[in-house]
Amino acid sequence: MKVNLVVNGKHATVDADPAMPLLYALRDDLGLNNPKFGCGRAQCGACTVHVNGVPTRSCVTPVGSTAGKNVTTMSGLGTAEKPHPVQAAFIAEQVPQCGYCLNGWVMTAAALLRDNPTPSDAQIRTALAGLKCRCGTHMAILRAVKRAVTMIA
Amino acid sequence: MDPFTIARRDFLKTSGALVVTLSLPAAVTTALSQSAGGKPPLTPDQLDSWIAVLPNGNVTAYFGKMDMGQGVDVAIAQMVAEELDVAFERVEVVMGDTLLTCNQGGASGSTGIQFGGIALRNAAAEARRLLVERGAERLAVPADQLSVDNGVIMVTGNPRQKVTYGELIGGQYFQSTLDWNKRYGNPLAVKGKAQPKQPSEYKVVGKSFPQKIIAEKVMGRLQYITDVKVEGMLHARVIRPPTAGCGPVSVDESSIKSIPGARAVRVKEFIAVVAPREWDAVRAAEMLKVTWAPPCTPFPTMETLHDHIRKAKSIGGETPINKGDVEAALKGAHRVIEAEYEWPLQSHASMGPACAIADIKSDSGMLFTGSQKPHYGRNGCSKLTGVPLEKMHAKWIPGPGSYGRNDAGDASHDAALISKLVGRPVRLQYMRHDGTAWDPKGPAGVYRARAGLDAEGNVIAYDFFAKGFSRQDVSQIENDPKDTLAGQLTGYAPKATILFQTPAEKYEFANKRCGWECVGPLLDRVSPLRTGHFRDPLGAETHFASESFIDEIAHGTGADPVEFRLKYLKDPRHVAIVKAAADKAGWTPRSNPDRGKGDDMTGRGFSYTERNGTLVAVVCEVEVNRKTGRVWAKKFTVAHDCGQIINPAGLRIVIEGNVLQATSRTLFEEVQFDADRVKSVDWATYPILEIADAPQAIDIVLINRPEVAPSGGGEPSTRTVPAAIANAIFDATGVRLRKVPLTPQRMKEALRA
Ligand code: FES
Ligand code: FES
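Residue numbers (the numbering used here), protein chains in the order written: chain V, 1 to 153; chain S, 1001 to 1753.
Some hints here could point you the wrong way.
[To be verified] Here are the simulated PhoX-like pairs of lysine-lysine, each with C-alpha atoms no more than 25 Å apart in a straight line:
1. V:69 to V:146
2. S:1212 to V:146
3. V:2 to S:1229
4. V:10 to S:1212
Think of the hints as simulated: they come from the structure by calculation, not from any bench.
The shape of chain V in the complex, shown without the other chains (with noise of 0.2 Å):
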């Protein structure tokens, strides 16, 4: 079945099984590597693009279900000129270790920022809830989204 999309401001079409994840349509299909997969059963984050703005774990989202929607994945979040206030943070920071998780950090913590642009401590820690990072790197990442809470002011 074809499905069409917009993925980063680009339409696309996707010839797969409906029931097929996203997350494979995304980095298969279209060759955008950076959803990641993590789990496969929406517990990391690893594999989070916005879908019409909202973060979405790809991995357990029918591409079906995405037809005629906005799907934007990290790499269409800001460009190497202008990347996203979120993403120069997470750089000035330093954030990530593997760097493996940063997907559901950085695009969680864009969609709170768009919607609470001046989040306290206790909201960043509340909307970035159930994402994991392995490595361990959650000290930085927290630095990082109060730094771009600074740069969006």
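Fit chain S with the ligands to the given chain V structure using the hints.
Here is chain S with the ligands on its own, set in the frame of chain V:
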């Protein structure tokens, strides 16, 4: 020995058949095209195996270890830039390619700088010496009248008389040799005639530099091992036995015939599926009907694991390190304090399950791996597939996290075997359950400690004994198929190395004895509970016990824990590290802990350890909730002394990662299993630390000792954390938790008791 000596230009010829979406970085390609005089063999005694100067004067350093995200490559570039007197930005570090780098042991034991960096430092110093020698000839001025600034050699007092590195040697080989100790792996050492710089001359080492690769990661541009695509490749998934110790009876391939292009492959007990599309491979793995032999029940129950260890026959140990006569001193003691501690089995549970891409042909092989040991993995895959070693090329690509012998080594061998069987390039990625349930586990153990006190409360005897599963049930290097699941499933008999550990500290007790013994694996082959290296192997485990026990002795004698440690430490560096953490945390002895009001009790704990020359002391402040039993490690103060510091900002972040991961292991992590299977298969069944549990602050004091050779920073702070938390819990609650993980459930039970 690593007999691999193929010339790099041959690599360019032989690898032409493989179309890979990866490209070597431009500088490397340029370096490879150097041809004058021919490339010397890739052996450690050749300077050209370590350093290349490009025509534009930029430098490529060939590092035979690799960086797993902690920025070791940045430190290596700093060390090379320093010795060569070129700008940091002009050094590129190439890692983890068996055709471009010598086997320095891969990422291993926090030795990236300690051993790996020293080889590069010596090579770079020698390269500078040779370049200055050539410059002296070219400029017809004695070498001692020359100075170097960013790759430009000039006459002192006449900077217009100059020549650049690029002009002298750019694009050509040094064709010069180094002294080499004839060893491969971590101990590999090389040295030229040149003396490296004195620390007082440093301009680059000791300064903070960021990791360039981080921008690539954050912008979603970095190619990970999971992103490598090879023309014509099939996607593969493995089928592990549903219960431990049972093999397949039959495989019904017709069960997946509705999936386009899907096939099953089987050799002995090894089963995998392949399909042109990844999602189809995932579905095929779920749908493939396999009849398995009836389950056996090789494991004790989780509740009885440590009893099993206590009772199990020793398969070997080390004669205890003995000072004085511990038995006699204990007998004569006024009082004896005793305690026993337990550490569970833990999973590496890397952020993503492992992935490898292999193309095994009848006479050559290519492996892309995320494993820490690409050189050894190449050797293992060569043995497993029969591809001659000199025709087997392995290339490391950054993967989804690595903290020792995780699942990546198994994935390499699985992928190689599947590729050989299907005659096509294969990309294998594990599913989450393969990564969590089937990675080699950090070993469980039981730790028994006794201290004898005299009437004044002085420690006159100290006795520490550890017993558990070997840290090398499977080897940390992936040299041999016997240490991999693919090997064991196809008939290689495993052979464990018996290795455990005793505490690393310098308490000067009059009589002191430390020993260990190992118990055999619970299942002798293809065991999901086989044990292996997990970050700071046995460090967290051992020092949870030993530093908790020091706290118990201190408490038993009515002494302040810091004061107690200082009483028995004499080595000045050890004394200094304890004082540094205590000072920074504002530690003051107090007679009664302030346990806080309301539901939250607060406390602070201390711990100190050594690891291969690196000293760490930690103060932890906790909050313990009376009602829920939740422990929050709210603040850490870490004092860290690893000798000479190369990159302070990088080191701080590495320490934070250690602290968080160790906190996770201490508070949350335990592999769940029952008699016939591992039940920890994902993040729900193997929970780790969440951001809600992250501390409020981590204060770090770095002690820099430029005159002391650098030791590692990648792991040592891991081992110091667990006891600091447990000791803080005791301070907060008056209750001692001796069994990791220190879960809310255990906390509540202990508070009730
Ligand atoms: S891969 Fe989707 S949440 Fe883990
Ligand atoms: S940086 Fe490795 S998992 Fe987050």
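key: Restraint status (C-alpha distance of residue 69 (chain V) to residue 146 (chain V) at most 25 Å)   = violated, 30 Å
query = Within a Cα-Cα threshold of 25 Å, do residue 10 (chain V) and residue 1212 (chain S) meet the stated pairing?
reply = Violated, at about 29 Å.
query = Are residue 1212 (chain S) and residue 146 (chain V) close enough, with their CA atoms no more than 25 Å apart?
reply = holds, 22 Å
key: Agreement of residue 2 (chain V) and residue 1229 (chain S) with the hint, judged by alpha carbon distance not exceeding 25 Å   = OK: residue 2 (chain V) and residue 1229 (chain S) at ~24 Å, within 25 Å.
The structure fails hints 1 and 4 (numbered hints given earlier, in ascending order).
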